[in-house]
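Student: Residues per chain are reported as follows:
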Amino acid sequence: MAFIDLNNVTKKFHAGEEEYPAVRCVSLGIESGEFVAVMGPSGSGKSTLLSLVGGLSHATSGIVSVDGIDLGALGPNKLSDFRREYLGFVFQSFYLVPYLTALENVMLPLTVQPGMNGTAGAAAQDALRKVGLAAKTRRFPSQLSGGEQERVAIARAIVNRPPVILADEPTGNLDTKTGDQVLDMLQDLNREGHTIVMVTHNGENAKRAGRTIEIRDGQVVSN
Amino acid sequence: MKLIDIAVNNLRRKKGRTFFLVSGLALGIGAAVALTSVGDAMNREVMHTLDEFGANILVLPATEDLPLSYGGMTVSAVNTGGRSLTIEDARRIKTIKNSENVSTVAPKLLVVSEVKGTKVMVAGVEFPSEFKLKKWWRVSSGMKPGGVSEVLVGKDAAAKLGIAPGDTVKLNGGTFRVSGVLGDTGSQDDALIFADLATVQTQFRKGNAISLIELAALCGGCPIEDMVDQVNGVLPGARAVAVKETVELKMQAMHYFHRFSLGISLLLLIVAGMIIFFAMTASVKERVQEIGLFRAIGFRTGHIIQVLLIEAFFVSLLAGIVGYVLGSLSPRFIAPYLMSAYNLKFVFDPVMAVSAVAASVVVGLLASIYPAVRAGRLDPIEALRTL
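Chains as they are written, first to last, in this note's numbering: chain L, 1 to 223; chain Z, 224 to 610.
Think of the hints as simulated: they come from the structure by calculation, not from any bench.
Nothing here was measured: the structure is a model prediction, and the numbers come from that model.
Treat the hints with care, as some may be off.
To be verified - Straight-line C-alpha distance at most 27 Å; calculated DSSO-like pairs for lysine-lysine: (1) Lys237(Z) <-> Lys136(L); (2) Lys378(Z) <-> Lys136(L); (3) Lys78(L) <-> Lys238(Z); (4) Lys136(L) <-> Lys508(Z); (5) Lys12(L) <-> Lys237(Z).
Unchecked claim - A short, non-exhaustive set of chain L residues, derived as facing chain Z with CB atoms under 10 Å: (6) Ala59; (7) Leu74; (8) Val112.
Don't be surprised by glycine CBs; every beta carbon is placed ideally from N, CA and C.
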């Protein structure tokens, strides 16, 4: 069994009376330390796949497991704990909390991490330094450029040193140059040992990854 | 950074929203506090007025006889012997422990005389205290007695005896001038002639005897039974009784006021709670993505609820304090329109302050529980729609 393992996974959504499968009978494995790009046109189910791996939704059928943990067997609170221990999320629209400074945003995951009270500030400073924002820790999101906001989001994703980083269109809202910097950063993190799963519909971005999984209509077409 | 910091930072950095929440609840609390304190003050004033309105304690000679009716005034005691009351007894009432609660002491001597061949009851009274006690007395023609040899005649007595202001009447040999006629009182006062107490005592050779004493006690703060006991204590030869109906009527009036202000306060708190409820629900809606993010990065349902309830706690704590201060200051501006005499000083009332803040916090938290729990249960995937 792979580190991240999907075994015959189907995820159906309900739209009124109708039921449509966003992911159909997908089986795939991602090993620890890989950098995988999940590619496909919009509506292909790639984001749904990411949410399944991220424990944000349960599979309708099949088994999703990470590090041998069957996510389908976890209740809401255990699933929260799993996300806290294993995952760092980077979203396309950053999702920074507007009333918290860059530093406070990065510290967020640590506020619910037991035993982090004394060291949270230092850990957040560290993470911000890593993404090159050591000088702007006291800025609010509205006082940062799009690229800087994305870097804060990455710092937040890595501050609790999660084994897996899940990135959903991390360059979607950025210009090419800033997007390249973000991809460089993700490659660096991968070299440091983080497993990275990145959803994108941009072929250029996908080339940065070690492996590309292509999805169409909820099914894997190339792996 | 802890959960409390998230809550506090949200409140600090969204000042407009915080201000709206705090002022919404503070207005409700403040109005309730103002209403309660104005209500209390009005209560006191109404009680005071009611207390002065008629006698609520009657002091009679200790006798075995059943009193003959005149709103409790007994005629028999003086005439049938036994130890009668004296004017000194009336003065001694002022020495009881709660003497400051005694608003009026009205001693009376009742005697029977003959005017133009008709028997009539003459009441020797001290006119100033009598008028204070019987606020319903109106002199319908003529004027109040000005000197010791002037009398006031009840309406029926004046009609029966055919006397008018300016006339003179002979009472037990003494000549008295009728200064005025009382308007209709609907009581036995209508059939009486009222004269100065000391003059009646001399004219009828009663020494310093009196028949009874009527008392108006201010019993807003003290049980009337205590006052009765105290009077009995200083007057061993007398029997003080409480006029129960009057007392109960007053208590009832007080309870109506009390219940009214309590009801309105409750209504205000419910409205304030609803403001908080809707504001919190709107705030949760507005923060759906933020809550989804919190969930995605590992916050449990309980963590989300905690953050929101901590916010609600601080908002309602602040609102309670602001509301108390507003509510205690505002009667200074409202009260003069409602009543004649009100103590305009701001007095810190710890019981009221604690109750206001506690009520605010309870209302704030109760109103926030449902929105907070709903927020905590938000499906993170619904909240973060892009994933």
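Student: Name the hints, by number, that the structure is in violation of.
Tutor: 2, 3, 4, 5, 6 and 7
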